[in-house]
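Chemist: Take a look at the letters that make up each chain.
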Amino acid sequence: MASPMKIRATTTAGVTEVKALMSHPMETGRRKDADGQLVPAHYITEVTAQHNGKLVLSALWGPAVSQNPFLQFRFKGGAAGDKVVVAWKDTKGETRTDEVVLS
Amino acid sequence: MNWKPALAVVALVISLPLLAQNDDNIFAQYRAMFGDDNPAELVEMQGEELWKTARGPQHASLAACDLGLGAGVVAGAYAQLPRYFKDADRVQDLEARLAYCMVKLQGFTPEEAVAKPYSEQGQPATDMEALAAWIAGQSRGVPVAVPQSHPQEKAAFELGRQLFNYRAGPYDFSCATCHSQSDKRIRLQALPNLTEAKGARNAFATWPGYRISQGAVRTMEWRVGDCVRQQRFPQLVFTSDAAIALITYMGVLAAGEPMAAPGLKR
Amino acid sequence: MKLQRRKFLRLGAAALGGFATAAFWPLRAMASAFDAAFKAPDMNGVFKELGTTPTPSDQIQFASPDIAENGAVVPVSITSKLPKTEQIMVLVEKNPNPMAAVFMIPEGTEGFVSTRVKVGQTSNIYAVVKADGKFYSAVRETKVTLGGCGG
Numbered sequence: 001m002a003s004p005m006k007i008r009a010t011t012t013a014g015v016t017e018v019k020a021l022m023s024h025p026m027e028t029g030r031r032k033d034a035d036g037q038l039v040p041a042h043y044i045t046e047v048t049a050q051h052n053g054k055l056v057l058s059a060l061w062g063p064a065v066s067q068n069p070f071l072q073f074r075f076k077g078g079a080a081g082d083k084v085v086v087a088w089k090d091t092k093g094e095t096r097t098d099e100v101v102l103s
Numbered sequence: 001m002n003w004k005p006a007l008a009v010v011a012l013v014i015s016l017p018l019l020a021q022n023d024d025n026i027f028a029q030y031r032a033m034f035g036d037d038n039p040a041e042l043v044e045m046q047g048e049e050l051w052k053t054a055r056g057p058q059h060a061s062l063a064a065c066d067l068g069l070g071a072g073v074v075a076g077a078y079a080q081l082p083r084y085f086k087d088a089d090r091v092q093d094l095e096a097r098l099a100y101c102m103v104k105l106q107g108f109t110p111e112e113a114v115a116k117p118y119s120e121q122g123q124p125a126t127d128m129e130a131l132a133a134w135i136a137g138q139s140r141g142v143p144v145a146v147p148q149s150h151p152q153e154k155a156a157f158e159l160g161r162q163l164f165n166y167r168a169g170p171y172d173f174s175c176a177t178c179h180s181q182s183d184k185r186i187r188l189q190a191l192p193n194l195t196e197a198k199g200a201r202n203a204f205a206t207w208p209g210y211r212i213s214q215g216a217v218r219t220m221e222w223r224v225g226d227c228v229r230q231q232r233f234p235q236l237v238f239t240s241d242a243a244i245a246l247i248t249y250m251g252v253l254a255a256g257e258p259m260a261a262p263g264l265k266r
Numbered sequence: 001m002k003l004q005r006r007k008f009l010r011l012g013a014a015a016l017g018g019f020a021t022a023a024f025w026p027l028r029a030m031a032s033a034f035d036a037a038f039k040a041p042d043m044n045g046v047f048k049e050l051g052t053t054p055t056p057s058d059q060i061q062f063a064s065p066d067i068a069e070n071g072a073v074v075p076v077s078i079t080s081k082l083p084k085t086e087q088i089m090v091l092v093e094k095n096p097n098p099m100a101a102v103f104m105i106p107e108g109t110e111g112f113v114s115t116r117v118k119v120g121q122t123s124n125i126y127a128v129v130k131a132d133g134k135f136y137s138a139v140r141e142t143k144v145t146l147g148g149c150g151g
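Protein chains in written order, with my numbering: chain W, 1 to 103; chain Y, 1 to 266; chain X, 1 to 151.
Okay, chain W solo, but in the shape it has when bound (with noise of 0.2 angstroms):
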């Protein structure tokens, strides 16, 4: 069961700034253990964010994104009580979804 994310949301003069912080290990697949033994790649390929439903922002990321990502981004509108969800799949196929509420 993969790890929350931490999502920040404030609206200000009519446009919501997201912040999300994602707990992800990020494997390039290059890295070696203590063993010398490669640790198999393990990354997020694919984000997508919704506001009330709507499409607000989707990504395709490849293993150079830093591990726990960050990301953050702008859109029109929002109210408080609208919901922002979050969700991301991996290339092991796990996925993550995780909403905040507008206040």
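None of these hints come from the bench; they were simulated from the model. Each hint should be verified, as a subset may be incorrect.
[Unchecked claim] 16 angstroms max Cα-Cα, derived EDC-like pairs, lysine to aspartate or glutamate: (1) W:19 <-> X:110; (2) W:6 <-> Y:36; (3) W:6 <-> Y:49; (4) X:48 <-> X:35.
[Stated by the list, open to error] Computed from the model, here is a short list of chain W residues facing chain Y with C-beta under 10 angstroms: (5) 23; (6) 27; (7) 29; (8) 31.
All of these numbers come straight from a predicted model, not from anything done at the bench. C-beta: ideal position from N, C-alpha, C; glycine also.
Fit chains Y and X to the given chain W structure using the hints.
Modeler: Just chains Y and X now, with coordinates in the frame of chain W:
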């Protein structure tokens, strides 16, 4: 007196012609770009859950653990550790206190409580790291106030001061060898002067910290233990009197600095 | 490409209803389109897959550190002032595979993203923006003191 060889080694390392200025400034731009979004936050979330989860043979949470401000009081607790605890009759830092509560409240054995303090590369944060991250975070903005009223607290400070200045090991290093002068560095790692308020305050207030090079939250005890390793001393035992004494010494010198942990570290 | 994007958005809005359990990920089509670009071993290879070499543009504000304390985590922020910005990409020239990330910007979302990437060694980082069907770029060098790929 074996001063010269050790000093020569240190001077050589420090004078490497890389960057002229104090490297803290060079990386200020880099650190600033992280803003408030420290990956340690993820570990803090883990720690909060651990605190509240019933675990161990006694199936109890840590919610009744007294960190010095009363049972279950976490806000501001980190800023006054290490301190003397009557029930343990000992000066304890955060990790020693957590281990104590894990034994008394949750029924773990002392060995289990200290079995795995630090995570390896690629592993999630250990219980100790996660709890430390969250508990320290609950002291954000609170001025450091490591107490010195109990005789054992004073003794810990004095022991810490002696250990800080104790030269040993194959390099004849003490903590002071690297940490008693200002504006020094080893390669590109800045060396805070821990003998004066400014260096001591910044260092104490920003550990635990997310260590970018390891992708992990590391505690103050980890930091001290890693320095000891680099001094080629025997391994610093987790939650030992020596570790707690050194942290007490640094904490007292950092008095008044608002806590800003978990920080962001190289 | 514009037509594809509108279709993609409609598809996205409908399919994302049952978000958490959606077996169908609308990014599938996009993912295969960029597969080759992610695998390209150098900048020329990436541009070949994109079908064009981007034009340098001063309408792209690109913030990245001059020198990174640790190449494993390098913050980058890209703001595109180009009208009809649809995609923002981050490419790290000296990485084994320069393409790090592609962000798809729907209407209503600002042409801005901020994230953190691994930079294996001192390298140029490119911000590539697709706007109104054309590609533009901005470049900055980031010096790395500690390599970013797990060393």
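Chemist: Decide, hint by hint, whether the structure agrees.
Modeler: Hint by hint, here is what the structure shows:
1. W:19 <-> X:110: holds (14 angstroms)
2. W:6 <-> Y:36: Since the Cα atoms of residue 6 (chain W) and residue 36 (chain Y) sit roughly 12 angstroms apart, the hinted pair holds (cutoff 16 angstroms).
3. W:6 <-> Y:49: holds (14 angstroms)
4. X:48 <-> X:35: holds (13 angstroms)
5. 23: Where the cut-off is 10 angstroms and the nearest Cβ of chain Y is about 5 angstroms from residue 23 (chain W), the hint holds.
6. 27: holds (7 angstroms)
7. 29: violated (12 angstroms)
8. 31: holds (8 angstroms)
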